[in-house]
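Undergrad: The primary structure of each chain is shown beneath.
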Amino acid sequence: MSELDGEGEKTVVLEVRDLSVSYGKVDALHGIGLKVHRGEIVTVIGPNGAGKTTLLCALIGLLPVRGEIVYLGERQDAGRSVEKLVRQGMTLVPEKRELFAEMSVEDNLLLGAFDRYRAGHRDQLETMDDVFDIFPRLMERREQMAATLSGGERQMLAMGRALMAKPRLLLLDEPSLGLAPLVIREIFRTITQLKKLGVAILLVEQNARAALQVADYGYVLETGELSLEGPTRDLLTDPRVVESYLGLGGRH
Amino acid sequence: MDLQIALLLGQDGLSNGAIYALLALALVLVFAVTRVIFIPQGEFVAFGALTLASLQAGRLPGTIWLVLALGTVIALVDGSRALRGRQFRRIPWIVLVNCGIPLLLAGVLFAVSAASLPLPVQVLLALMLVVPLGPMIYRLAYQPVAEASVLVLLIVSVAVHVTLIGIGLLFFGAEGSRTPAFTDVSFELGDTLLQGQTILVVVASVVLIVALYFFFERTIYGKALRATAMNRTGARLMGISGTLAGMLSFTLAASIGAFSGILISPITTIYYDSGFLIGLKGFVGAIIGGLASYPVAAAGAILVGLLESYSSFWASAFKEVIVFTLIIPVLLWRSLKTRHVEEE
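Here the protein sequences come in this chain order: A and B. Start counting the first sequence at 0; every next residue gets the next number (numbering that gives the first Met the number 0). Start counting the second sequence at 0; every next residue gets the next number (numbering that gives the first Met the number 0).
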């Protein structure tokens, strides 16, 4: 937590002001404002249908937005695209994982570095070794087709693939979705580990307790609007959060 | 029918089948990556063959005008977009790639008399004239509607096909062309004569198929194309843009088409509109593979070639009918054995 104390001096990786997203005439997100600093985990928690996935899809450029997004000190204009943002080190691990099912784990990882390869970097094998250090399970499964992996391994592969791009900002969409509690714990342990590498992480979660425990700062998203925000230690004890998202002291 | 005729027909069927197999692979590739049913695939066959024939006859192939025209239009479209986006640094590059290279090609064509060049150089020149049409047509006709439904893309394909047929007639005239055989070698196999050209077609096709296999299995760009075919969103999130994948698959399809045309032009007389029927037979092969499986598509295409060849012996008038009727039992069989497609 001590890293947070110098917040004023930390580099802002992502800043969003008054962001709105609509599907046709329906506003899915309205007036969102948030900040992510370097080496920080920020979480957005909220119930199903609050617009969490929409938020991440909008940030990575899959959806058109209104409002202001400043990424790495640069205001994003109308010409922003997924490809440009990926080139600038923003990577999304989507809720559905979106793996290349009929390819080996190794090829999935390799393609995570596709854009770096195109940009002329040839350090894929070293990066892959780093990813295998973080997820030893992927090393064991490297020859296997992605489709044959278990749910937890798929999530690991999706995260490993994202790390192959050496991201500066990692967007994680519900990494705990559909996983057993033990696996969730392992995934979240890895997320804290990533933070030490200096990656900024925006973590969207329904599993509020797990998310608030690893994150530094949290936002609560309800029906398309941010209703609450604060350092996670405050949110964990905030009665409104406890009542709606954590339940009465029950751990899982 | 005795053994000799059977072997002769088999030889014919195999060499045609090899070409259909190449086209079937290109069709599966384009469909898997871009969801485009690439009807104009056959036009690349005709353009390849006829461009080579014009070069050999000492005429200026009309293809160069098409390359120049499409390049200019693309330069205008992309250039004005770059202007509006204030990306001035990109403009010289856009002009150089889209206008400079075609102009250079035209210069070469005017400067040297292509007819006197050695055959491999002529072939290379023909490929350089026809292959760029693939990505150029993708850029102009398909990229603006890349997100549209399969049906819309199919309609665009029909339009491109009809346009190219018309342009082909304009450039190459109504009369057909046949290029001299690459090799006069022939072998005797028992009583049958094995034509060197036939062997060349089969060998070249096999080499190309193996090369494609390595491209898709071993190179990161090949894997990126497969990834796009498997999961478009996932690929985009890795920075593999639909445009890049589309351009790449159309370049490959155009290369395969033009190369096939060059391979068969010594065997068959090619007219400006011959490509359609050839492409359609490749399409039957691709359908046998469900527009998804490369090996089944290739095998299906060879079956089409053999079926065509043997039916031309027994029921010559019904040869096309027999080949295209094959699609009905295939579709029936495919629809009966369709499995539920799993997510992810």
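What the hints contain is simulated information worked out from the structure, not anything from laboratory work. Since this is a predicted model, take the numbers as computed values, not measurements. Please note: incorrect hints may appear among the correct ones.
Unchecked claim - Listed next, the in silico DMTMM-like pairs over lysine to aspartate or glutamate satisfying Cα-Cα at most 20 Å (straight line):
| hint | chain 1 | residue 1 | chain 2 | residue 2 |
| --- | --- | --- | --- | --- |
| 1 | A | K165 | A | E221 |
| 2 | A | K83 | B | D190 |
| 3 | A | K83 | B | D77 |
| 4 | A | K24 | A | E152 |
| 5 | A | K24 | A | E228 |
Stated by the list, open to error - Residues of chain B placed beyond 12 Å of chain A at every Cβ, according to the derived structure:
| hint | residue |
| --- | --- |
| 6 | Q86 |
| 7 | H160 |
| 8 | G175 |
| 9 | L199 |
| 10 | Y220 |
| 11 | L236 |
| 12 | M237 |
| 13 | I239 |
| 14 | R333 |
Said to hold, decoys possible - On the chain B side, residues computed to face chain A include the following (Cβ under 8 Å):
| hint | residue |
| --- | --- |
| 15 | G78 |
| 16 | A81 |
| 17 | L82 |
| 18 | T218 |
| 19 | I219 |
| 20 | G221 |
| 21 | A223 |
| 22 | R225 |
Beta carbons are placed, not taken as given, at the ideal position from N, Cα and C, and that holds for glycine.
Undergrad: Please work out if K24 (chain A) and E228 (chain A) have their alpha carbons no farther apart than 20 Å.
TA: Outside the cut-off at roughly 27 Å; violated.
Undergrad: Against chain A, with CB atoms and a cut of 8 Å, does the hint on A81 (chain B) hold up?
TA: Where the cut-off is 8 Å and the nearest Cβ of chain A is about 10 Å from A81 (chain B), the hint is violated.
Undergrad: Within 20 Å, alpha carbon to alpha carbon, are K165 (chain A) and E221 (chain A)?
TA: Violated: K165 (chain A) and E221 (chain A) sit about 32 Å apart, past 20 Å.
Undergrad: The output says I239 (chain B) does not contact chain A. Does that hold with a beta carbon cutoff of 12 Å?
TA: violated (6 Å)
Undergrad: The hint names G78 (chain B) as touching chain A; please verify it with the least Cβ-Cβ distance against 8 Å.
TA: violated (15 Å)
Undergrad: Should the hint that G221 (chain B) touches chain A count as held when the rule is a Cβ pair under 8 Å?
TA: Since chain A brings no Cβ nearer than about 10 Å to G221 (chain B), farther than 8 Å, the hint is violated.
Undergrad: Does the structure keep K24 (chain A) and E152 (chain A) at a Cα separation of 20 Å or less?
TA: Given that 20 Å is the threshold and the Cα spacing comes to 39 Å, the pair is violated.
Undergrad: Closer than 8 Å between Cβ atoms is the bar; does R225 (chain B) clear it against chain A? Give me holds or violated.
TA: Check passed: Cβ of R225 (chain B) comes within 7 Å of chain A, closer than 8 Å.
Undergrad: Taking the least C-beta to C-beta distance, is I219 (chain B) closer than 8 Å to chain A?
TA: holds (5 Å)
Undergrad: Decide, holds or violated, for the assertion that all CB atoms of chain A are farther than 12 Å from the CB of M237 (chain B).
TA: Answer for M237 (chain B): violated, closest chain A Cβ roughly 5 Å.
Undergrad: Is the Cβ of Y220 (chain B) more than 12 Å away from each Cβ in chain A?
TA: Label violated. Min Cβ-Cβ 9 Å, cutoff 12 Å.
Undergrad: For R333 (chain B), which was marked as not at the interface, is the minimum beta-carbon distance to chain A over 12 Å?
TA: holds (19 Å)
Checked against the numbered hints given earlier, the structure breaks hints 1, 2, 4, 5, 6, 10, 11, 12, 13, 15, 16, 17, 18 and 20 and satisfies all the rest.
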